[in-house]
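Peer 1: Given chain A, put chain B in place with the hints provided.
Number of protein chains: 2
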Amino acid sequence: MRVYLELAYDGTLYSGWQVQPNAITVQECLNDAVSDLFGCEILTQGASRTDAGVHARCNVACFDVDTRMPAEKISYALNQRLPEDIVVQRSMEVSADFHPRYGAKEKTYAYRILNRRFPDPLLSRYTTFFHQELDYEKMNRAGKCLIGQHDFTSFASVKSQTDSFVREIYDLAVSRDEGDVVTILVRGNGFLYNMVRIIAGTLLQVGCGLKEEEDVPKILSALDREQAGPTAPPQGLTLESIRYPGLELPQ
Amino acid sequence: MRVYLELAYDGTLYSGWQVQPNAITVQECLNDAVSDLFGCEILTQGASRTDAGVHARCNVACFDVDTRMPAEKISYALNQRLPEDIVVQRSMEVSADFHPRYGAKEKTYAYRILNRRFPDPLLSRYTTFFHQELDYEKMNRAGKCLIGQHDFTSFASVKSQTDSFVREIYDLAVSRDEGDVVTILVRGNGFLYNMVRIIAGTLLQVGCGLKEEEDVPKILSALDREQAGPTAPPQGLTLESIRYPGLELPQ
Numbered sequence: 304m305r306v307y308l309e310l311a312y313d314g315t316l317y318s319g320w321q322v323q324p325n326a327i328t329v330q331e332c333l334n335d336a337v338s339d340l341f342g343c344e345i346l347t348q349g350a351s352r353t354d355a356g357v358h359a360r361c362n363v364a365c366f367d368v369d370t371r372m373p374a375e376k377i378s379y380a381l382n383q384r385l386p387e388d389i390v391v392q393r394s395m396e397v398s399a400d401f402h403p404r405y406g407a408k409e410k411t412y413a414y415r416i417l418n419r420r421f422p423d424p425l426l427s428r429y430t431t432f433f434h435q436e437l438d439y440e441k442m443n444r445a446g447k448c449l450i451g452q453h454d455f456t457s458f459a460s461v462k463s464q465t466d467s468f469v470r471e472i473y474d475l476a477v478s479r480d481e482g483d484v485v486t487i488l489v490r491g492n493g494f495l496y497n498m499v500r501i502i503a504g505t506l507l508q509v510g511c512g513l514k515e516e517e518d519v520p521k522i523l524s525a526l527d528r529e530q531a532g533p534t535a536p537p538q539g540l541t542l543e544s545i546r547y548p549g550l551e552l553p554q
Numbered sequence: 304m305r306v307y308l309e310l311a312y313d314g315t316l317y318s319g320w321q322v323q324p325n326a327i328t329v330q331e332c333l334n335d336a337v338s339d340l341f342g343c344e345i346l347t348q349g350a351s352r353t354d355a356g357v358h359a360r361c362n363v364a365c366f367d368v369d370t371r372m373p374a375e376k377i378s379y380a381l382n383q384r385l386p387e388d389i390v391v392q393r394s395m396e397v398s399a400d401f402h403p404r405y406g407a408k409e410k411t412y413a414y415r416i417l418n419r420r421f422p423d424p425l426l427s428r429y430t431t432f433f434h435q436e437l438d439y440e441k442m443n444r445a446g447k448c449l450i451g452q453h454d455f456t457s458f459a460s461v462k463s464q465t466d467s468f469v470r471e472i473y474d475l476a477v478s479r480d481e482g483d484v485v486t487i488l489v490r491g492n493g494f495l496y497n498m499v500r501i502i503a504g505t506l507l508q509v510g511c512g513l514k515e516e517e518d519v520p521k522i523l524s525a526l527d528r529e530q531a532g533p534t535a536p537p538q539g540l541t542l543e544s545i546r547y548p549g550l551e552l553p554q
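Protein chains in written order, with the numbering used here: chain A, 304 to 554; chain B, 304 to 554.
Chain A on its own, in the form it takes in the complex (with noise of 0.2 angstroms):
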């Protein structure tokens, strides 16, 4: 059968999504324990390669396998094997032609930023500190010119490898709570490499006036990486949700 799960991780100490050698990621680790859940060398298949230090509360993987055991309970087996950063929220199981990389339609990434005098070390591990006063209804303003279906090649580390560079954002939202904390929210059906940490790094220069509001419709039309912000710190990332549609989750 094919096995989907959800996993939450804590990316601090991970090189990164992806098996490389000679550095630890987190789906090595899945695959270590999956392979040694069942007793045979299993990998798995991940829906998102998010980067060195990037969190996920919620990224998806897959495997097969040939077992008796309930597919929901294999999260609990799992978690009896992974490290304490990294926890299967859900495990089920889907039909055979199920990818979670191709079958993903809509990813959710948050992007949390403290904006304060000095920074919070119950925070620092989940959020990029930023001490410059931010303007985060300009930033919220700006980012909105980024929705639709755009080439966002201005917005792609220049180490891509695609296709296309035409990906479509629903939705970006900039706001900010009572703890200093920004949060850029931002859905879509996909997003380049480093995308949007890229976006978040060129937010951050609109919210303290390195760049205007009206700046931002020019980079996107300039298809020039060159043209945008710095990419913004991984630790400020976090992969929130993937949907699958058709798929149907328990309660």
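You may find that some hints are simply not true.
Just so you have them, the derived chain B footprint on chain A, three or more residues with Cβ under 8 angstroms [as the list claims (entries may be wrong)]:
no., stretch
1, 306 to 315
2, 375 to 387
3, 416 to 427
Negatives, chain A to chain B, calculated, CB over 12 angstroms [as the list claims (entries may be wrong)]:
no., residue
4, D339
5, E396
6, A399
7, G406
8, Y496
9, D527
10, R546
These are calculated hints, taken from the structure and not from any lab test.
Every value quoted in this text rests on a predicted model; they were computed, and no experiment measured them.
Cβ coordinates follow ideal geometry from the N, Cα and C atoms, glycine included.
Peer 2: This is chain B only, laid out in the frame that chain A set:
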């Protein structure tokens, strides 16, 4: 001059606030940073001796120094000398009779419990995980009987060294947020050793049905530590704030 400091810290890696032999404490790190900054041995006094693993959004400390450095700049200089998980949020001059411990008239603690099926690695440093379903409204009602001035012997560690077990709780409320975090927020004129964690351990038993709401006033009047619930784990506890009447805080 006497310098007042507000400190935030992640208590995960520390053996609590107070200096002790053969263990790294928050106060020791602060003493080292202050002594290094001014080039002589300086000892700090703290308001609240938080336990090993307990966090603070705002603990208060003070020290005496003869310096021409403006008091409000000391925060920046200390943060360059402190580990990343301890951050001075504010420094200012106070009168020579200011005492962080005796002058504190109100402290607020939050005890946070993540109540769901699986842990969340993004919250595990700052919450206690509890998978059995909690009736937070029942916990809230049960906690209300602790409000007021009482002898809290039943809710104090038997290791407490104190002349009086009488304390006043001004408010105690239990709430639940959308992220499955149940928070016990308690405000009082002072707390006995382990008092908030024993209250939390007792209310947890009420929340999952091991104790009844009506048991809590009986436990309070029994003046017997054995009657209350266990001491809840430290990582769920955060010292949120301390209030000094008459102390003027600049913006």
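Peer 1: Okay, which hints does this one fail, numbers in order?
Peer 2: Violated hints: none at all, because every hint is consistent with the structure.
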